[in-house]
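So you can see what is in the structure, the chains are spelled out below.
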Amino acid sequence: DQQVKQNSPSLSVQEGRISILNCDYTNSMFDYFLWYKKYPAEGPTFLISISSIKDKNEDGRFTVFLNKSAKHLSLHIVPSQPGDSAVYFCAASESTSYGKLTFGQGTILTVHP
Amino acid sequence: AAGVIQSPRHLIKEKRETATLKCYPIPRHDTVYWYQQGPGQDPQFLISFYEKMQSDKGSIPDRFSAQQFSDYHSELNMSSLELGDSALYFCASSFGGGKLFFGSGTQLSVL
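Each protein sequence line maps, in turn, to chains R and H.
To get the numbering used here, take the position in the first sequence, counting from 1, and add 10.
To get the numbering used here, take the position in the second sequence, counting from 1, and add 50.
Honestly, the hints are just simulated from the structure, not real lab data.
Keep in mind the model is a prediction, meaning the values are calculated, not measured.
Certain hints may be false.
Covered by chain H, according to a simulated footprint, are these stretches of chain R (three or more residues, beta-carbon under 8 Å) [what the hints assert, rightly or not]:
1. 69-75
2. 95-108
3. 111-117
Backbone N, C-alpha and C fix where the C-beta goes; we use that ideal spot for every residue, glycine too.
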């Protein structure tokens with residue numbers, strides 16, 4: 011039972027354009043959401059997070075949007091850079107267990123120069 | 051800045067052998083988490099420790115055990131290894147249940 015789903019295995023974007031990565035979840039108890047970036051042979055690196063009391067959080071080129079009613083969140087990267095090419099994981103947790111993350115399957119983002 | 055250190059980076063074992071993975075958290079971090087990522091899969095939460103006590107448990111097999119020591123490092127002990135245990139094992143640490151910082155992982159191959 012995949013409680014966090016990233017339905018797009020891969021995404022290809024031109025440098026300078028917007029990258030939009032999507033994530034859906036099914037567990038209503040999730041109230042904290044995160045995006046991680048992962049390069050080969052490295053551990054996931056935290057990018058940005060959002061609590062369920064908000065619908066948007068912005069950090070530089072990265073913005074996460076949360077639609078609680080649709081159980082959907084998205085990560086926008088503007089402008090995209092070749093160095094952004096990596097696997098992006100969406101993750102969710104409950105406030106009672108912040109570190110117990112449930113990950114999505116990941117989306118491979120490729121940004122072309 | 052110091053990061054989460056995992057050792058070894060790679061480990062090859064045979065079926066039914068045992069393995070011990072080590073994790074050294076970022077200094078002053080009090081919580082350690084273990085995750086398992088199988089080939090082509092998303093990371094799965096195994097177990098976590100806060101102040102040397104088990105704080106949460108996920109899909110960790112009974113053949114596995116873990117502990118956190120007085121210096122806050124943690125070890126994941128795996129016995130009676132099976133082919134399906136081949137995976138990348140990540141350790142992460144945090145301070146007070148805050149943001150998780152992941153190590154680079156231990157790649158375990160069971161032959």
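Outcome of the hint check:
Figure legend: the region 69-75 of chain R, annotated as covered by chain H; annotation inconsistent (0 residues with Cβ-Cβ distances under 8 Å, at least 3 required). Residues of the region 95-108 of chain R with a Cβ under 8 Å from some Cβ of chain H number 3, which satisfies the need for three, so the listed coverage holds. Check result for the region 111-117 of chain R against chain H: holds, 6 residues qualifying (beta carbon to beta carbon below 8 Å, three or more required).
Violated hint: 1 only; the structure is consistent with all others.
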